[in-house]
Structure formats: structure tokens, C-alpha cells
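Student: Chains A and B, in that order, are what the protein sequence lines are. 1 is the number of the first residue of the first sequence in my numbering; add one for each residue after it. 1 is the number of the first residue of the second sequence in my numbering; add one for each residue after it.
Simulated from the structure, these hints should not be mistaken for laboratory data. Wrong hints could be hidden among the right ones.
[As the list claims (entries may be wrong)] Restricting the straight-line Cα-Cα distance to at most 20 Å, the calculated cross-link-like pairs of lysine to aspartate or glutamate (EDC-like) are:
1) Lys-8/A to Asp-70/B
2) Lys-28/A to Asp-78/B
3) Lys-28/A to Asp-70/B
4) Lys-69/B to Glu-85/B
5) Lys-8/A to Glu-67/B
6) Lys-106/B to Asp-44/B
7) Lys-69/B to Glu-33/A
8) Lys-8/A to Glu-65/B
9) Lys-106/B to Glu-67/B
10) Lys-106/B to Glu-15/B
11) Lys-8/A to Glu-15/B
12) Lys-8/A to Glu-19/B
13) Lys-69/B to Asp-92/B
14) Lys-8/A to Glu-11/B
15) Lys-8/A to Glu-71/B
16) Lys-28/A to Glu-67/B
17) Lys-69/B to Glu-25/A
18) Lys-8/A to Glu-25/A
19) Lys-7/B to Asp-44/B
20) Lys-7/B to Glu-19/B
21) Lys-28/A to Asp-73/B
22) Lys-10/B to Asp-44/B
23) Lys-28/A to Glu-19/B
24) Lys-69/B to Asp-89/B
25) Lys-8/A to Glu-4/B
26) Lys-8/A to Glu-33/A
[Stated by the list, open to error] Beyond 10 Å from chain A on every Cβ pair, some chain B residues (computed):
27) Ala-42
28) Asp-44
29) Thr-46
30) Tyr-47
31) Ala-48
32) Gly-49
33) Gln-55
34) Asp-91
35) Ser-95
36) Glu-102
37) Phe-104
From the three backbone atoms N, C-alpha and C, an ideal C-beta is built for every residue, glycine too.
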Amino acid sequence: MAILNGKKVVIIGDRDGIPGPAIEECVKTAGAEVVFSSTECFV
Amino acid sequence: MDLENQKRVKEIAEENGPENVVVILGAAEGEAAGLAAETVTAGDPTYAGPLAGVQLGLGVYHICESEIKDEVDADVYDEQISMMEMVLDVDDIASEMSSIREQFCKYM
Numbered sequence: 001m002a003i004l005n006g007k008k009v010v011i012i013g014d015r016d017g018i019p020g021p022a023i024e025e026c027v028k029t030a031g032a033e034v035v036f037s038s039t040e041c042f043v
Numbered sequence: 001m002d003l004e005n006q007k008r009v010k011e012i013a014e015e016n017g018p019e020n021v022v023v024i025l026g027a028a029e030g031e032a033a034g035l036a037a038e039t040v041t042a043g044d045p046t047y048a049g050p051l052a053g054v055q056l057g058l059g060v061y062h063i064c065e066s067e068i069k070d071e072v073d074a075d076v077y078d079e080q081i082s083m084m085e086m087v088l089d090v091d092d093i094a095s096e097m098s099s100i101r102e103q104f105c106k107y108m
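Here chain B stands alone, though its shape is the one from the complex (with noise of 0.2 Å):
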């Protein structure tokens, strides 16, 4: 994740309380995804940003994902995401995003 995103979420974790922040992806790959997601939970796994050695712990999903997908309204999604999402490994996604959150997500 780039030095400065990783700053501002540090920032705004630490402004509105870590339990209060959702981080939400649009990674093209699981495994991209799954480094974005260590990073803003267990910290950066470069260890070259703001967030090395910081475990913020946060919810983290990808915009794709059914828990997400649900809560958002169906034609809007339809018509900023679908176009996308049919060529994304969603399941790819999915299954690592959800093994980050399992291992190192302090606040779902």
C-alpha cells in the first residue's frame, strides 16, 4: 500500500477510534488484496511505511464481497462494480480476505 495512504489511515484510526473505521478495497487480485488487508490489520508486511509494526486490527473487505455486496444498494452497485467484477477472481478475493480478517481483525 502506498506510504501515504498507509499514513492516513494510521491518522484516521487514531482520530476516530479503530472500532469506528471500516477500510474497504477494490484490489484487482487476492493477492494484492490480501497485502492491503495485512497491512491495515496486522501492519505493514514490508515493513517499509507508517504501519509497520502498528496492528490497527480493522475491519477490512473488498468491495466485491457478498457481506458487502448485501448492504449496498443493488443498482448503484450494478452500475459502478459489475462491469469489474466479471473479471475478477472474486472467490480468489473472497477467500483472502477472509483468512486475513480471521487471523488478525480485532474489531468485526
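Chain A on its own, in the form it takes in the complex (with noise of 0.2 Å):
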């Protein structure tokens, strides 16, 4: 079964690892809808 498609995906990146807007433009492409993102800095 699908993880992505149909669902509602939150986004939580991190400025040293993968930023929101990375991720955000990968699970659209899987049918996904995002309701938020947002990128963390744990510095």
C-alpha cells in the first residue's frame, strides 16, 4: 500500500540535513498533499 498518495503530509526538515521545500517537491510528485512545512535548525 502507499504511504504518500492521498495522504496529508507534514513536512519537517532540517537546514543541515534535507530542507522543506526539498522534500515538499518529492511527495507531491507520489500523490501527496502537504499541509505543512517547515525547515529546523538545531543549531
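Relying on the hints, combine the two individually framed chains into one complex.
Tutor: Listed below in C-alpha cells is the structure:
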């Protein structure tokens, strides 16, 4: 079963890892709806 | 996880139903990914934020885990993620994430 297709997705990106907007572009291609996207900074 | 982000995650899970929500992380390390994953499943382990004691049990994955990578368009993944993926310890992140999911995730 698809994990992303048709789901509401919350993105918690990381400035030192993968930032939110990059994840957003990806999950959209899998049929997910991005409802919230943020990029955290742990420093 | 930021307190503001915890608040948003809680609201979104309440509004849409937790079974319809999936959290995707971009953390740089396994430990940070595990902590964020624990926060949206078992509750805030630091007991500081709105998710303290709240067991949402949400589905949670890291963008670099194979389960997610397989569902995403390969060209877009290559363009957006693969550069950073090379410097991340994906095995460590994936093992942290699956351990948290096995323990706390209610919606698989």
C-alpha cells in the first residue's frame, strides 16, 4: 500500500540535512498533499 | 522539535484525523530523526512542548528511507535530495526510524 498517495503530509525539514522545500517537491510527485512544511535549525 | 511545529502537528492531526497524516523528516542525523519521530508518535520526550504526553502515533518516515524514495519521482529526487543524501548516514537514520515506528506508530 502506498504510504504517501492521498495522504496529508507534514514536512519537518532540517537546515543541516534536507530542507523542507526539497522534501515538498518530492512528496508532491507521489500524490501527497502537503499541509505544512517547515525547516528546523538545531544549532 | 520546535514547540511551534509540535503545535501545528497536533492541530493538523486533530483536524484531518491522525490516520490520514504522514510526517516526513529531513533530519541530518539518526538521533535527531529518532527524536522527532518519537515526538510525533509517543509524545515529546523532553516534556517541553504541546505534544508532551500526547501519543499521536502518526506514520513517520525520513525522506531518504527506501520506502519513501521508491514512491517519489526519481528525477525530482535526484535533483532535490541526492546531493545531501550522499553525506547522510542513511542506514543509521533508517534503523532509528524503523525502531520508533515498530514501537509507537499506530497507523502503518
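Student: Work down the list of hints and note, for each, if the structure agrees.
Tutor: Tested hints:
1. Only pairs whose Cα atoms come within 20 Å are accepted, and Lys-8/A paired with Asp-70/B is accepted, the gap being roughly 18 Å.
2. Note on Lys-28/A and Asp-78/B: the hinted pairing holds, with a Cα-Cα distance of about 14 Å set against a maximum of 20 Å.
3. Taken as a hint, the Lys-28/A and Asp-70/B pair is honoured in the structure, with Cα atoms around 13 Å apart against an allowance of 20 Å.
4. With a CA separation close to 11 Å, the supplied pair Lys-69/B and Glu-85/B stays within the 20 Å bound.
5. Pair hint Lys-8/A plus Glu-67/B holds up; C-alpha atoms about 17 Å apart against a cutoff of 20 Å.
6. Under the criterion of a C-alpha separation no larger than 20 Å, the hint pairing Lys-106/B with Asp-44/B is consistent with the structure, at around 16 Å.
7. A hinted pair counts as satisfied when its Cα atoms are at most 20 Å apart, and Lys-69/B with Glu-33/A qualifies at roughly 17 Å.
8. Between the alpha carbons of Lys-8/A and Glu-65/B the distance comes to roughly 18 Å, so the proposed pair stays at or under 20 Å and holds.
9. Proximity of Lys-106/B to Glu-67/B is assessed by CA-CA distance (about 17 Å); at most 20 Å being required, the pair is judged to hold.
10. Restraint check for Lys-106/B and Glu-15/B: the C-alpha separation of about 17 Å stays at or below 20 Å, so the hint holds.
11. For the given pair, Lys-8/A sits about 11 Å from Glu-15/B by alpha-carbon distance, which is consistent with the 20 Å threshold.
12. Between Lys-8/A and Glu-19/B the alpha-carbon distance is near 10 Å, which keeps this suggested pair within the 20 Å criterion.
13. For a cut-off of 20 Å, the pair hint linking Lys-69/B to Asp-92/B stands: about 16 Å separates their Cα positions.
14. About 13 Å separates the Cα atoms of Lys-8/A and Glu-11/B, which keeps this hinted pair within 20 Å; it holds.
15. For the hint pairing Lys-8/A with Glu-71/B, the CA-to-CA distance comes to about 15 Å; that is within 20 Å, so the pair holds.
16. A hinted pair counts as satisfied when its Cα atoms are at most 20 Å apart, and Lys-28/A with Glu-67/B qualifies at roughly 15 Å.
17. Of the pairs offered as hints, the one joining Lys-69/B and Glu-25/A holds, with about 12 Å between alpha carbons and a cut-off of 20 Å not exceeded.
18. Restraint check for Lys-8/A and Glu-25/A: satisfied, since their Cα atoms lie roughly 14 Å apart, inside the 20 Å limit.
19. Note on Lys-7/B and Asp-44/B: the hinted pairing holds, with a Cα-Cα distance of about 11 Å set against a maximum of 20 Å.
20. Restraint check for Lys-7/B and Glu-19/B: satisfied, since their Cα atoms lie roughly 18 Å apart, inside the 20 Å limit.
21. Proximity of Lys-28/A to Asp-73/B is assessed by CA-CA distance (about 9 Å); at most 20 Å being required, the pair is judged to hold.
22. With a C-alpha separation of about 11 Å, the suggested pairing of Lys-10/B with Asp-44/B holds against the 20 Å cut-off.
23. Among the hinted pairs, Lys-28/A with Glu-19/B is consistent with the structure: their alpha-carbon atoms are about 19 Å apart, no more than 20 Å.
24. Under the criterion of a C-alpha separation no larger than 20 Å, the hint pairing Lys-69/B with Asp-89/B is consistent with the structure, at around 15 Å.
25. A distance of roughly 19 Å separates the Cα atoms of Lys-8/A and Glu-4/B; the hinted pair therefore holds under the 20 Å criterion.
26. Note on Lys-8/A and Glu-33/A: the hinted pairing holds, with a Cα-Cα distance of about 5 Å set against a maximum of 20 Å.
27. Ala-42/B, annotated as away from the interface, keeps every beta carbon of chain A farther than 10 Å; the closest lies near 16 Å.
28. Non-interface call for Asp-44/B relative to chain A: holds, since the shortest CB-CB distance, roughly 13 Å, exceeds 10 Å.
29. Distance to chain A confirms Thr-46/B as a non-interface residue, since its nearest Cβ pair spans about 13 Å, more than 10 Å.
30. For Tyr-47/B, the condition that its CB be more than 10 Å from all CB atoms of chain A holds, with the nearest at approximately 19 Å.
31. The claim that Ala-48/B lies off the interface holds: its Cβ sits roughly 15 Å from the closest Cβ of chain A, which is beyond the 10 Å cut-off.
32. No Cβ of chain A comes within 10 Å of the Cβ of Gly-49/B; the nearest lies about 13 Å off, and the non-interface call holds.
33. Listed as outside the interface, Gln-55/B is consistent with that label: its C-beta sits roughly 16 Å from the nearest C-beta of chain A, beyond the 10 Å cut-off.
34. No beta-carbon of chain A comes within 10 Å of the beta-carbon of Asp-91/B; the shortest separation is about 15 Å.
35. Every CB of chain A is more than 10 Å from the CB of Ser-95/B (nearest about 16 Å), matching its label as outside the interface.
36. No Cβ of chain A approaches the Cβ of Glu-102/B within 10 Å, the least distance being about 15 Å, so the stated non-interface status holds.
37. The beta carbon of Phe-104/B is kept farther than 10 Å from every beta carbon of chain A, the shortest such distance being approximately 16 Å.
When held up to the earlier numbered hints, the structure conflicts with none and fits them all.
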